[in-house]
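Please build the complex by placing chain B on the supplied structure of chain A, with the hints as guidance.
There are 2 protein chains.
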Amino acid sequence: MSDKRPTPHIVILGGGFGGLYAAKALKRAEARVTIVDRRNFHLFQPLLYQVATAALNPSDIAYPIRSVVARQENTNVILGEATAIDVDRKIVKLTDSEVAYDYLIVATGATHSYFSHPEWARTAPGLKTIEDALEIRRRVLLAFEAAERETDRDAQLAWLTFVIVGGGPTGVELAGALSEIARQTMLRDFRRINPSSARVILIEGKDRVLPTYPPDLSQKAEAQLRALGVEVMTNAMVTSLDEHSVKVGEMTIATRTVLWAAGVQASPLARTIGAPLDRAGRVLVNDDLTLPNHPEVFVIGDLASLKVPVPGVAPAAIQEGVHAARNIERLVRGEKTLPFHYRDKGSLATIGRAAAVAAFGRLHVSGFFAWFAWLAVHIFFLIGFRNRVLVILQWAWAYVTYQRGARLITGR
Amino acid sequence: MSDKRPTPHIVILGGGFGGLYAAKALKRAEARVTIVDRRNFHLFQPLLYQVATAALNPSDIAYPIRSVVARQENTNVILGEATAIDVDRKIVKLTDSEVAYDYLIVATGATHSYFSHPEWARTAPGLKTIEDALEIRRRVLLAFEAAERETDRDAQLAWLTFVIVGGGPTGVELAGALSEIARQTMLRDFRRINPSSARVILIEGKDRVLPTYPPDLSQKAEAQLRALGVEVMTNAMVTSLDEHSVKVGEMTIATRTVLWAAGVQASPLARTIGAPLDRAGRVLVNDDLTLPNHPEVFVIGDLASLKVPVPGVAPAAIQEGVHAARNIERLVRGEKTLPFHYRDKGSLATIGRAAAVAAFGRLHVSGFFAWFAWLAVHIFFLIGFRNRVLVILQWAWAYVTYQRGARLITGR
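As they're listed, the protein sequences go chains A and B. Under our numbering, the residues of the first sequence are numbered 739 to 1150, in order. Under our numbering, the residues of the second sequence are numbered 739 to 1150, in order.
None of these hints come from the bench; they were simulated from the model. Mixed in with the good hints there might be a few duds.
Remember, identical chains collapse to one label, so a pair may be satisfied in a single copy or spanning two.
[Unchecked claim] Derived lysine to any residue pairs resembling SDA-like cross-links, with alpha carbons at most 20 Å apart: (1) 866 - 1149; (2) 831 - 1116; (3) 866 - 1148; (4) 944 - 881.
Because the structure is a prediction, the values reported are computed rather than measured.
Same shape as in the complex, but just chain A (with noise of 0.2 Å):
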């Protein structure tokens, strides 16, 4: 016979890497938990890109989050919308009703930002969402036909011109898959355009690409973009854009599709919780993960700030959901929280076909054995995807025949 306290209720905000993990972690705890978002899926989002250039399908890497609790008795999912949270009241209020919390998880990320430009949003699409990654699909494609069918030369050129704003990984990676496209996949596909004299542009406004890497490696990276045939732009800021051109400095180019993959902004809902955010909107933590003053509240993710800072990858999200999960476990036995450290476990960026840079503490890699590292980590890490080896095969499919199977032009 035990003197059983009620059950706490744990609410999670956003399925992504953070907040999946968090509940996974909370598999055997004795709460009932919750998982709310706006998305029936999580989303693989390293490999979204893949979707942009038309190697992936969305369900290769969209799972049902409701398939990865499905045995987890516990774990409930609430597909909605999370518009504020009132942690004094300790309640979610969604669009149509409200959730109560006894603890309180907030994982929903980040978006693209345009800094003080929203209106390039329309003109330059970026890449977080399967939509946006059709959208790029879509445009990229289309550009193609348009020059096929387009009789005016500089005009046909413009709709050969590709640029992407932003060195980071997702800059890098679908400026070489671009060029790839380009270059190999489209090949025999028109008869009055040349694919491959199309020009990939990656425009970056530090003095390299992958700025956050070692310089050594941004070297490595820039050097295998360019053996692709991507025009690489450093010390470069865009000043306007609009539907026919990219401004950079002093230098115009002449371009229909530009695709933004700089700057991200936390979610607005870190605004909606009344503590102090820092200039990207996150929200400051204590090193446990918890609000000031709310240690029932944790943030954690690409919403989260800390005094150390950790960078916004899906392995420090997993990290900090798993370590908000034993948090609120170690509070509900009255124990005290503990502090959270960053295992940086590496970075790896992908470049395109056997091309790739990789930092692993000391040890800086590219070229093919970067490469393949990249590709056993991102399948390991697809592990729970009933897909894994259909994406595996997909993979080997498109690395052997160059082709990209999902070329389609949908939508609109």
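Leaving out everything else, chain B in the frame of chain A:
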């Protein structure tokens, strides 16, 4: 030294089964061939219901037309929408340009018909395009989510009631697959609702489902549908429908999801040809598939109406496409055209897991063997699709686990 005639220009409108097989049959023709389609891909329509029911991905059943003819040097592809045909000037008008032809094959197919109720289209989507399929998938998955959140019992039941109008092959396939989703796939996904309590109702105006099949197979199909939990209503006409209910005669069914699988009408392009049309809007053609008084214009597939009726199925369109191509080659050589004769290779309709009906002449089969025949035929005709092996693997996986991997709510 040959006194060559100028190379004729053969224009094919539509990259469906008819148009694509016509183009392939012209591979070695001494002609310029141009395929015009408003989509950049060929769609394997017999499996579209698998996308609508979350078993397959769009790119599993859609393949870029350019890739199909990439190595066919005499063939060009234009992404564009034909708006009118001027048979006197031998010109096809596109939205923003014109294409002149020497020979024309019109293969723009059919779309669904709401008879005298075009306003039903919004409430009851049909299944002709990839976008239709994704919209149906979205509505079905959202209905279960809404039921899970709904507290009012009647409202919950309406969300869990799915009505399919039309008992032809598409309606039967959709009904069977929906019932399987509710009773197997979703089994563990929800906490408040029991998905297997969902009602799937199939409504057919004639006195039996699959009315174009032999009566004994209609009976078998109905029995198999009932075994899967589908409620079959025959001799039943929908008299009105809105977002909350469907009226069938005097009976009102409360439902939030109505799918339309009844009636087809020919592509509106038929009306611009200036030739007599039948009641379904199809062009009345000569037995050699040409337009009366225009031996250089061929109409095939769902758009053509022959004196001896031909069913609106893929094998018929393929046979007509190849026949039109051969007739054009005969005309180019100065020979006479030959009349078209449809060879019926049999009819196959699948109902669900190991359930199907098949008629090969006098041989009627149902159950597992019919299903296996259906599987074999469809896999065989996916030839040319790079992902045939992947599709088989996905089917095998879905068969063993009852999972449907593409359960993503995307769009809008």
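Evaluated hints:
1. 866 - 1149: Both. Shortest intra-copy (17 Å) and inter-copy (14 Å) distances satisfy the 20 Å Cα cut-off.
2. 831 - 1116: neither (35 Å within a copy, 49 Å between copies)
3. 866 - 1148: Both: 18 Å inside a copy, 13 Å across copies.
4. 944 - 881: Result: close neither inside a copy nor across copies, 29 Å intra and 48 Å inter.
Checked against the numbered hints above, the structure violates hints 2 and 4; every other hint is satisfied.
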